[in-house]
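Chemist: Here is what each chain is made of, one letter per residue.
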Amino acid sequence: MALPQAKQTATEERLAALTMPDAGCTRKAREAALARVREMGLPGRRDEYWKYTRPDTLVSTAAPEAAVFNADEPSMFHEFDRLKIVFIDGVFSPEESDDLELEGVTIDRLEDICCKDIHWAKELYGVLEANGQDPVQRPLAALNTAFASDGVAIHVTGKPTKPISLNYRHASETSDAILHHIVRVETDAEVTILESGPAASRFNKCMEIDIADGGTLHHVRAQGRDHQRRAATHMFTRMGQESVYKSFTLTVNGVLTRNEQVVELTGDDAVAHVAGACVGDGDFHHDDTVFITHDAVNCESRQVFKKVLRNGATGVFQGKILVKEGAQKTDGYQISQSLLLDDDSQFLAKPELEIYADDVACSHGSTSGAIDETALFYLRSRGVPTDDATDMLTLAFLAEAVEEIEDDGLADVIVSRLQDWLARRR
Amino acid sequence: MAALDQTQVKEGVDQETVDAVREVSTYKYGWETDIEMEYAPKGVNPDIVRLISEKNEEPEWMTEWRLAAFERWTQMEEPQWAMVSYPKIDFQDQYYYARPKSMEEKPKSLDEVDPKLLATYEKLGIPLKEQMILAGVEGAEDAPAEGRKVAVDAVFDSVSVGTTFQEELKKAGVIFCSISEAIKEHPELVKKYLGTVVPVSDNFYATLNSAVFSDGSFVYVPPGVRCPMELSTYFRINAENTGQFERTLIIADKGSYVSYLEGCTAPQRDTAQLHAAVVEIIIEEDAEVKYSTVQNWFPGDENGKGGIYNFVTKRADCRGDRSKVMWTQVETGSAVTWKYPSCILRGDDSQGEFYSIAIANNYQQADTGTKMVHLGKNTKSRIVSKGISAGKAQNTYRGLVSMHPKAKDSRNYTQCDSLLIGDKCGAHTVPYIEVRNNSSRVEHEATTSKVDDDQLFYCRQRGMDEEEAVALVVNGFCKDVLQALPMEFAMEAQQLVAISLEGSVG
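Heads up: the sequence lines are chains H and C, in that order. Mind the numbering: the first sequence is residues 143 to 568 in the working numbering, read in order. Mind the numbering: the second sequence is residues 2 to 507 in the working numbering, read in order.
Treat the hints with care, since some could be wrong.
To be verified - Residues from chain C that face chain H, not an exhaustive set, calculated with beta carbons under 10 Å:
hint : residue
1    : Asp-94
2    : Gln-95
3    : Arg-383
4    : Gln-395
5    : Met-404
6    : Lys-409
7    : Cys-426
8    : Glu-444
Note that these hints are calculated values from the structure, not bench results. Even glycine gets a Cβ: it sits at the ideal position worked out from N, Cα and C.
Chain H extracted, bound-state conformation (with noise of 0.2 Å):
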C-alpha cells in the first residue's frame, strides 16, 4: 500500500539530512534496512503504535535543542568496578573508555568488524531488527540500522567478572546520536551490560541481543537526568532454550523517552523478564512499549512498569504478551501502574494479550491512582510527617519494579537515585 503523501515527504525530507556511513559490510543490510523505512514511512501522530506519544521530535529533520544538565557528572555505575566504554554525543570516546579487554568477552567497534571478519556480527547486525518489524512497524530501528554511526560488537564467551557499562554522554546542545550495538550471548556464558547517561540531544539507539541456548543477560539501564533532552530506544533480543534476559530501566527526566523492548522467546524454558521504573516531573513523556512473542514451550516472561508522575507528567505503556500457536505452558505476567501525586499528570497503557494456545497461564493488570489515603493516615497517626510518609509510600510502589534487579548493589544504586529525585524536587 502507498505511504501517504504527508508521510512520505516527512520521511523523505528526513533521510535526506542523513548520510549513510561507509561501512562495508554491513553496507547490504543497512541498505535494506533503508528500504524498509521507506516502505513503512516513519513514524506519523496517527499512527496507531504512536497513538499516545507524539513522534514528531524524534522524526524530524534536525535535533530540537537541549541544554546540557551536567555533563560532569560522573556516570551512575561510577562506584562500580566495571568495564567502561564511553560515548560523547554518540561518537566513542577512546581516551574516556578503558582498554576494551576483559576475559570472557570479546568487544569491537562497530566500524572495526568488517577488517577483523566477526562472523557472527556480520550475520547479526539489522536481522533481529528486520525480524522485530512484524507483525508491528518499528521505523524508528530501522532508520537506526541504515544510518548508525558508532556502536559496538559484544561478543560473550565466557563469564566475566565485571560488568560491561555504556556511558553516554551529553556535551553539545545540538547532537543527534545514533548508535547500534549487537550482543552475541554464546551457550552458558554469562554477563552484564549497563547502560547510563542521557546520550545526546536526541538519541537513537537499537540494540540487538541474540542469547545462545542457556546463555544470561543481565541489563541494567539508566537513563540520563537532562531535563530537555529526547530518546527513542529499542532492543531486540532473541532467546535460546534456558536462556535468561532481565533487563531493568531507570527513567528520571527528558522531556520525551521512548523505550521498545522486542523480545522473542524462541527456545524451551527461557526467562525473561523485563522492568522498568519511571519518576517524571512537569514537561516528561516516558513510554514504555514492550512485545514479548512466545514461540517455545514452557517458557515465563514478566513485565513490570511502574511509573510515578507529577505536575503535568505523562506515562505511556504499551506491552503485549503474544503465545503464538503450540507455545503451550507459557507463563506471562504484566502489570503495568502509576502513581499520580497530583491531578495535572496522566497515565495512558495499552496492555494487550494475544494467545492462540490454550495450556498458559497469562495475567496482566493496570491500575492508576492517587496516594493510598489510608496508608498515608496509618504512617501519619504513627508520627510521620506528610511528606516523608509520601516518599516513604512512594518508594515503596516503585520497589517491586526495582526488585527485578538480580543484583542488590546495583539496585541499592538505583533506589539511591529515586531516592535524590524525591528529596530534590520535592
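For this one, chain H is given, so just place chain C on it according to the hints.
Modeler: Same frame as chain H, now just chain C:
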C-alpha cells in the same frame, strides 16, 4: 459441531462447559420463511437512499439527513483495526431494502398481519399476541404482574411487522413504536435526539446505517415514568443477499426507567450477510436504562461458510446527573462480530455497566468490548467480560476506559476473562486505559488463574476444600453476569449458566 467433537479438551475444563458450548453452537434458527418479498434494486446510491426514505413516507428533512450521511459515507474507508478477517464486502452486491409483499399496506393492527409472519415469530418463540406470560419462561408465574408482560416490536428484514401492547404503554405515556412510525408521528423527538449520540459521521458502518436504515425501534419514556413492562425488539433476517440496517433510539427522560431487550436470528445460508445497526440511548437526570441483547445471528457452518457480519454501533449517553445505564450482552452468533456498546458518562454521579459473555466456535470471529468515557464527576463504571473460544474461533475483548481531567473521584473496574477450548483457537485482550486526573481509580484485570487467589484463600481458611472453594467463587462470579439479564432471557441464558471458567486465560 465436528470441530468441537474432535477437540482434545484440556484437563480442568469440565464437561458441562464443553456441552454447554456445544449446545449453544447448534444453530436452531436456520430455517427460512417462504414469503413473497419486495426488493429495492441491488446496490446503494442516492436513488436507493431516496427510495428507502420514500417507502417509509418520510418528511423532507429526514431524506436530506440520509443523503448527507450517504455523501459522507462515500468518502470513508472501511475500518481495518479489528482482529477479524473476512473477504472484502461488495457493498453494491446487496439489497438494502426488502419487505414482505403483504406489508405494502401497513396493517392497522396485529390481526391484519400476514399469518405467515406471525407464524415465523411464533416458531422463534416470540409471540406477537398480547398474552400475559411469555411461553415457556420458567418461574414467570411467580413474577409480579407487571413484570410478566413484554411489549415486542418485531422487525422482519427491512420493516417492522408490528408492535404489541402499544395501547397499554400509551396509557403510561410511554411511546414504543417502529422508528419509521416515530419519524411520522413524533418528528420533534426524533429530530431532537437522532444522531446526537452516534453522530452521522461516527464510523464507516454507522454512517452507512444513517443513510440506509430501513426501520428499527423507538422508545420514549416521559419524566418520572417507570415503564410498566419490558420492551423488546426481535430482529429477523430472512431474505437472501439482504443487509439489515436498523436504527434504535431510546430516550429515558428525567427520573424514568426502562428495560429493553433485543434478540436476533437469521436463516442458515452459504453466503455471508451484512447487519449494521445503530443504537442510541439518551438518559436524562436520575433515569435508568437496561439494555440486554441475546445475539444469535447465524454464525456460519462448521467450515466457516456463510453467517452474518455483525457490525454494530451502540452507545448510551448519560446526560443527566445520577443517570444510569447497563448493557448486558450474550453474543453467541454471527460469523464476524464488531460491536462495542459504550457509555458516555457525562452527568455527575452517572453510572455505566457492561456485562458480556461472548462465545465463538468453529470459524467465528468476535471483536467486542466497550468504551467507558468518564466526563462527569464521581462517575462509576464496571466492565465484566467473559470470552469463550472453541474450534478455530478468535475472540477479542477490545475496550477503552477514559478518565477526563474533570471526571474527579471516578472509579472503573474492569475484569476480562477468556476460556480456550482446544488449541486452534485464540483469545485476545486489547484494553485502552487513559487516566487524566489523579483522584480517579482505574483497575484493569485479566487473569488466568481460575479464581482470585485471595478469595480462594479466604474460602479455604473457612474449611472448604480447594474444589469447593473454586466452585463457589466461579459460580458466584458467573452468576453475577447472568443475573444481570432480565428474566425473559432466562431461557437462552440458562444454556450458558453451566459454563465455568476453569482453565481460563486472561
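Chemist: Does each hint fit the structure? Answer for all of them.
Modeler: Checked hints:
With a cut of 10 Å, the hint placing Asp-94/C at the interface with chain H is violated, because the nearest CB-to-CB distance is about 24 Å. The beta carbon of Gln-95/C is not positioned within 10 Å of any beta carbon in chain H (closest approach about 26 Å), and the interface hint is therefore violated. For the restraint placing Arg-383/C at the interface with chain H, the shortest Cβ-Cβ distance is roughly 15 Å, beyond the 10 Å limit, so the hint is violated. For Gln-395/C, the shortest C-beta to C-beta distance to chain H is roughly 9 Å, which falls under 10 Å, so the interface hint holds.
Hint status for Met-404/C relative to chain H: holds, with the closest Cβ pair at about 8 Å, below 10 Å. Below 10 Å, beta-carbon pairs count as interface contacts, and Lys-409/C has one with chain H at about 8 Å; its hint therefore holds. Look at Cys-426/C: its Cβ gets to within about 8 Å of chain H, closer than 10 Å, so that hint holds up. Given hint, Glu-444/C at the interface with chain H, holds; its Cβ is 5 Å from that chain's nearest Cβ, closer than 10 Å.
Comparing the model with each earlier hint shows violations of hints 1, 2 and 3; every other hint is respected.
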